[in-house]
Amino acid sequence: PNARLYSTVTAEAVTGPLDADYWCANVRQPVRFADAIKALMGAGHRTFLEIGPHPALSGNIRELLLKTHEPGTAIPTLHRG
1 PNARLYSTVT AEAVTGPLDA DYWCANVRQP VRFADAIKAL MGAGHRTFLE IGPHPALSGN
61 IRELLLKTHE PGTAIPTLHR G
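Numbering (the working numbering), first residue to last: 1 to 81.
Source of the hints: derived by calculation from the structure; they are not laboratory data.
Each hint should be verified, as a subset may be incorrect.
To be verified - If you anchor each label on the Cβ, the simulated ranges turn out as follows: (1) 14 with 81: 32 to 40 Å; (2) 47 with 20: 27 to 35 Å; (3) 17 with 66: 31 to 39 Å; (4) 4 with 75: 28 to 36 Å; (5) 47 with 12: 17 to 25 Å.
Every residue, glycine too, gets a C-beta built ideally from N, C-alpha and C.
Assemble the whole structure, with the sequences as input and the hints as a guide.
Have a look at this one:
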């Protein structure tokens with residue numbers, strides 16, 4: 001990827017190719033969403049943009065920001081209806 005991508009499989013920045021092995025692990029391994037967000041926060045990110053048809057994860061991101069007492073925001077892009 002041109003932009004840094006954090007994996008919800010490893011909760012780390014993706015440094016290698018997004019090949020078949022990566023995507024196989026992506027659908028078979030547990031989702032480590034909170035760990036990935038914490039890794040992003042550790043890298044200094046505080047603004048999270050959720051791109052999708054309905055905000056499903058923004059609330060979870062806001063909750064993590066509150067629990068860690070970090071300033072930041074989660075911005076959903078679309079809402080149903």
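* To do: Look at the Cβ atoms of residue 4 and residue 75 and judge whether their distance stays inside 28 to 36 Å.
  => Check failed, 19 Å falls outside 28 to 36 Å.
* Asked: Could one say that the CB atoms of residue 17 and residue 66 fall in the range 31 to 39 Å?
  -> Check passed, 36 Å falls within 31 to 39 Å.
* Do the beta carbons of residue 14 and residue 81 sit within 32 to 40 Å of each other? -> Between residue 14 and residue 81, where Cβ atoms are some 34 Å apart, the hint holds.
* Asked: Holds or violated: 17 to 25 Å for the Cβ distance of residue 47 and residue 12?
  -> Given a distance of about 20 Å, which is inside 17 to 25 Å, the answer is holds.
* To do: State, for the Cβ atoms of residue 47 and residue 20, whether the hinted interval 27 to 35 Å holds or is violated.
  => 32 Å, holds
Comparing the model with each numbered hint stated earlier shows that hint 4 is the single one that does not hold.
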